[in-house]
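J.: These are the residues of each chain, in order.
Number of protein chains: 2
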Amino acid sequence: MKYTAHINIMPLKELLDPQGKAVSNSLHNLGLTNVQGVRVGKHVTMQVEAATADAAEKTAHEACKKLLANQVMEGFELTITEG
Amino acid sequence: MKYTAHINIMPLKELLDPQGKAVSNSLHNLGLTNVQGVRVGKHVTMQVEAATADAAEKTAHEACKKLLANQVMEGFELTITEG
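Each protein sequence line maps, in turn, to chains S and G.
Yeah, the first sequence ends on 83 if you go by the UniProt record's numbering, and it's all consecutive.
Yeah, the second sequence ends on 83 if you go by the UniProt record's numbering, and it's all consecutive.
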C-alpha cells in the first residue's frame with residue numbers, strides 16, 4: 001500500500017538559527033515588524049510503499065535518522081497519510 | 001495576541017526536483033528501496049503578533065509572497081496556531 005510521509009526537520013531550539021535571524025531582519029525591513037522568532041528548516045515529503053502505516057512510519061523514521069536529519073543540531077517530526 | 005505560523009514552501013510539482021532525486025538515490029543506497037517521489041522544501045515557523053488569527057494569516061501570507069517563496073518555482077501552504 002502507498003503512504004506519504006510529511007517530515008519537518010528543524011534546528012534544535014537551543015541553537016542559534018542564523019538563517020532565521022536573517023529572515024527576521026529582512027521581514028522587518030519589508031515592514032512586517034510584528035514577526036518574531038523565525039526558524040527555518042526543511043520540509044520533506046516522500047511516497048513509501050509499505051504493508052501498514054506503522055511500517056511506513058518506521059521507514060520514514062529510519063530515513064530521517066540515517067540521512068535527512070543531523071541529529072546533533074536538528075530535530076525532526078513526521079506524519080504519515082494514506083495515498 | 002501571539003500566533004505561530006507554520007509554513008511549507010515546496011518546489012512546484014511540474015518542476016524537476018534535483019535535491020529530491022539526490023535524496024531518493026541516497027536512501028536507495030542505504031537500503032530504503034521502498035521510498036519514491038522524494039521532494040525537499042523549506043519549513044518556516046514564526047511568531048506573529050496580531051489582533052486575530054486572520055490578521056496573523058495575512059501577515060504570514062505577505063511574508064511568503066514578499067520574501068520566503070520564489071513564486072516562479074515554489075508554492076507555499078501555511079497554517080496558524082494560537083500561542
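Watch out, some of these pointers could steer you wrong.
One copy or two, either will do: identical chains are not told apart, so a pair holds if it fits within one copy or between any two.
Here are the computed lysine-lysine pairs in the DSS-like style, where the Cα-Cα straight-line distance is at most 30 Å [what the hints assert, rightly or not]: (1) Lys-21 to Lys-58; (2) Lys-13 to Lys-2; (3) Lys-2 to Lys-21; (4) Lys-66 to Lys-13.
To be clear, the hints were calculated from the coordinates, so they are not data collected in a lab.
J.: Against the structure shown, which of the earlier numbered hints fail to hold, in ascending order?
T.: Hints that this structure does not satisfy do not exist here, as all of them hold.
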